[in-house]
Amino acid sequence: MKNLQTTDEIITQSETLQLYHKLILQLNKDFQRAAITEAFLETVSPSELKSKLQEIVFDLYQNHNSEYLNLLYIIDVSEKKIKNIEGKDMVEISKQITYLILLREWQKVWFKEKYK
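Okay, so the sequence shown: first residue is 0 according to numbering that gives the first Met the number 0, each after it adds one.
Keep in mind that the hints are not guaranteed to be accurate.
[Said to hold, decoys possible] In silico DMTMM-like links for lysine to aspartate or glutamate, alpha-carbon gap of 20 angstroms or less: (1) 107 x 58; (2) 49 x 7; (3) 79 x 47; (4) 87 x 75; (5) 107 x 91; (6) 115 x 54; (7) 107 x 41; (8) 51 x 29; (9) 113 x 88; (10) 28 x 91; (11) 28 x 75; (12) 1 x 14; (13) 28 x 47.
Read the hints as simulated data drawn from the structure, not as lab findings.
Work out the full structure: start from the sequences and follow the hints.
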């Protein structure tokens with residue numbers, strides 16, 4: 000797995016390796032485990048996925064902090080990486096958290112595929 004720096008790179012690699020569908024399924028699985036009612040259609044476009052995930056993260060962070068923390072725990076996003084997020088604008092912070100969520104979910108999908 001190469002070093003992916005943006006959400007677009009994560010999504011592009013998942014499409015290139017024909018694992019985008021599995022990335023969506025993994026997100027939905029972890030959202031369900033975290034009791035988050037939102038889910039992504041399997042036909043969601045990459046741009047829609049990115050924007051909807053960012054909206055969900057923004058809303059959870061602002062309005063449902065315990066659900067937000069539970070989601071990060073279930074997805075297994077690194078606390079260190081969360082603490083290292085810099086930014087004063089909540090929109091920018093939610094973009095960075097969205098990246099970390101997608102990166103961790105992509106790692107799960109990639110490793111499952113590689114070692115199945």
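- Does the alpha-carbon distance linking residue 28 and residue 47 stay inside the 20 angstroms limit? Given pair residue 28, residue 47 holds - Cα atoms ~18 angstroms apart, limit 20 angstroms.
- Item | Pair hint outcome, residue 51 versus residue 29 [Cα-Cα no greater than 20 angstroms] | holds, 16 angstroms
- Can the restraint linking residue 113 and residue 88 be considered satisfied, given a maximum Cα separation of 20 angstroms? The hint is violated at about 37 angstroms.
- Query: Taken at face value, is the distance from the CA of residue 91 to the CA of residue 107 at most 20 angstroms?
  - Reply: Violated: residue 107 and residue 91 sit about 25 angstroms apart, past 20 angstroms.
- Task: Would you check the hint for residue 49 and residue 7, treating anything up to 20 angstroms between C-alpha atoms as holding?
- Result: holds, 8 angstroms
- Task: For the pair supplied as a hint, residue 107 and residue 41, confirm whether the alpha-carbon distance does not exceed 20 angstroms.
- Result: With a Cα-Cα distance of about 18 angstroms, the restraint between residue 107 and residue 41 holds, given a limit of 20 angstroms.
- Between residue 1 and residue 14, is the straight-line Cα distance small enough, at 20 angstroms or below? holds, 14 angstroms
- residue 87 and residue 75: Cα distance at most 20 angstroms? violated, 24 angstroms
- Query: Given the hinted pair residue 115 and residue 54, is their alpha-carbon gap at most 20 angstroms?
  - Reply: Violated. Residue 115 to residue 54 sits at ~33 angstroms, over the 20 angstroms cutoff.
- Message: For residue 107 and residue 58, compute the direct alpha-carbon distance and say whether it is at most 20 angstroms.
- Response: violated, 25 angstroms
- Quick one, are residue 79 and residue 47 close enough, alpha carbons at most 20 angstroms? violated, 28 angstroms
- Task: For the pair supplied as a hint, residue 28 and residue 91, confirm whether the alpha-carbon distance does not exceed 20 angstroms.
- Result: With a Cα-Cα distance of about 26 angstroms, the restraint between residue 28 and residue 91 is violated, given a limit of 20 angstroms.
The structure fails to meet hints 1, 3, 4, 5, 6, 9 and 10 from the earlier list, while all remaining hints are met.
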